[in-house]
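The hints should help you fit chain R onto chain D, whose structure is shown.
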Amino acid sequence: METISRIIIVAGLIAVAAGCKFAPVKKSGEPIEEAPPPVAEQPAESEKEKRYVIGEEASLDVSAINDPASPLAKRVIYFELDSSQVDTEGREIIGSHARFLAAHPEISIVLEGHADERGTREYNLALGERRAKAVKQLMVLQGVDPNQIQVISFGEERPVALDHNESAWRLNRRVEILYSGY
Amino acid sequence: MKPKAILTLLLLTLLPFSIAHAVLKIEITQGVEGASPIAIVPFGWQGTGAPPESLHAIVAADLQRSGFFAPLPEQDMIARPVDPRQVNFANWRALNVDHLVVGRMAALPDGTYQVQFQLLDVHKGTQLAGYSIRSRKPDLRRTAHQISDIVYKVITGRPGAFDTRIAYVTVTGNRKQQKTYRLAVADSDGHNERILYESNRPLMSPDWAPDGRRLAYVSFRDGRSEIFIQNILTGEAQKVAAFPGLNSAPAFSPDGRWLAMTLSKDGNPEIYVMDLATKKLTRITRNDAIDTEPAWMPDGRALVFTSDRGGSPQLYKVPVGRRGAAGPVTRLTFDGNYNARAAVSPDGRRIAMVHREEGRFRIAVLDLDSGRLQILTNNRLDESPSFAPNGSMIIYATEDNYRGVLSAVSVDGRAHQKLSLQTGDVREPDWSPFKRRGN
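Heads up: the protein sequence lines correspond to chains D and R, in order.
Letter by letter, the first sequence follows residues 1 to 182 in this note's numbering.
Letter by letter, the second sequence follows residues 183 to 621 in this note's numbering.
Chain D with its partners taken away, still in its complex shape (with noise of 0.2 Å):
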């Protein structure tokens, strides 16, 4: 017993790490201190310990959102060179925040879409476009209403990275959830 407990500590961290990754998000995400309970576990049993389940965040309530240890304060999803295409992290995060605004339609989001410096500026500007659609389009799939979600391009416009090499690159080439007056 205390052998799989340890093992899945570990795997959780190991998750959390591989996710903070690429560091930036919206809120102050401060890695979590301890891993999140297996699927299979109960649901808080007071308010005031709150736990997140990976997969039940239909369940979660409007505090969430600014709550830096829920699944919501993952914000930005990254993209290759020239591409649209979500990756598999990608999905994670999205499908957290598809099945929380699926289970709120009363709450609305604006998706940004970002491309890194290279390239023409309009052209950039469309390609950030295309990958936020494509982040919306996942959304819809898993049953968030196409009215909760705006999309915004500002191309190359607005870097998080100001360098000039691929590493600050990979993290412009971005989408960025939002939350408005939350």
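FYI, nobody ran anything at the bench for these hints, they're computed from the structure.
Treat the hints with caution; some may be incorrect.
Unchecked claim - Calculated from the model, a selection of chain R residues having no Cβ within reach of chain D, i.e. all distances over 12 Å: (1) Asp265; (2) Pro266; (3) Arg275; (4) Ile315; (5) Val422; (6) Trp440; (7) Arg468; (8) Gly553; (9) Arg554; (10) Asp594.
What the hints assert, rightly or not - To be clear about the criterion: a stretch of chain R counts as covered by chain D if any three or more of its residues have a C-beta under 8 Å from a C-beta of chain D, and this derived list gives those stretches: (11) 241-252; (12) 327-335; (13) 561-575.
For every residue, glycine included, the Cβ atom is placed at its ideal position computed from N, Cα and C.
Same frame as chain D, now just chain R:
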């Protein structure tokens, strides 16, 4: 004499006389061998104190920037005639100069200035042109540019583009959330900068109207991309496109009545043309790909644009009419896998573009008659090419030590200059049309 020495000399001669210095500094980075030697003699001055502008220096700088002329340094001038009657042609033949410009400026009692000049053929000993121009003080630089245009036209047979302007975007500020974006217009030599609009939200894609009085541009002032047209004289700005999705890449038609643009309101970025009188839209492309960056052919009957319908960005051409596309879309570029942001030459025979090769983005020109692509620049991240209205030069955005600067290259690739700000980035240049009366 090496071009760099010539430039240093020009700058030294400019110093005692220039009152307003350029906000945009211009620097010749590569001169041309075999340029036509010309002497522009310092103009005579009739007035009190120092002359308000050094006209001969402005003319010499203009002609040198074109890449066609090599102005003789002042220190090599063995005589300083200010009138054709004072000219001893043998002197100038000995200096191997082909042409000579002499002139004089006088202060008039009403505060204006009388400028007279003659262009002389040294070998034949004849006068090729002579003009008298009356000018107010703030217009003296413009008078010098007009002299440059006349000299250029008489000698090369082609119109000069010195009495023109450039529009561009500047970005200043250190922290990424505190940037200031400005839309500016300056003389094409970087002087007389005027700020037309300022914002802490991004600005993109300035485009001149053919009447030289309006600029279209993309602004994020309301949180997303929208197209505005601003009257340069009155400062009045009108929002012309704020549809859902993208509103971007504005391009005035050659007759000024239509604005091509990229909108994604119907699902994905497509090219549309808006009738500016009625605001009615005509859709041009119908394709799941990104279609953007429209550029008009000079007859107003076709658009060149960027599309990734073939898998990656390339340039395509489509005839346009009142009801939309008037023929099939044809592909123009086949070299490499990234060709974008077309700029069509004024004679419609060449297309400048951003061309990617081995990860580097450079300016290239496609000759439509021969199909040949010539790469003109050798940098990492060049963009936004724009032709001078006489087709002889291309201005574009590039970087210097990671700062955004503008650069200009002659269409044969031989002459290069750089235009930079003291602080901050300059980007997205658009070269104005020729000036008309009243502008």
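Cross-check of the supplied hints:
{"no.": "1", "hint": "Asp265", "result": "holds (52 Å)"}
{"no.": "2", "hint": "Pro266", "result": "holds (51 Å)"}
{"no.": "3", "hint": "Arg275", "result": "holds (50 Å)"}
{"no.": "4", "hint": "Ile315", "result": "holds (40 Å)"}
{"no.": "5", "hint": "Val422", "result": "holds (17 Å)"}
{"no.": "6", "hint": "Trp440", "result": "holds (18 Å)"}
{"no.": "7", "hint": "Arg468", "result": "holds (16 Å)"}
{"no.": "8", "hint": "Gly553", "result": "holds (22 Å)"}
{"no.": "9", "hint": "Arg554", "result": "holds (22 Å)"}
{"no.": "10", "hint": "Asp594", "result": "holds (24 Å)"}
{"no.": "11", "hint": "241-252", "result": "violated (count 0)"}
{"no.": "12", "hint": "327-335", "result": "violated (count 0)"}
{"no.": "13", "hint": "561-575", "result": "holds (count 3)"}
Of the numbered hints stated above, those contradicted by the structure are hints 11, 12, listed in ascending order.
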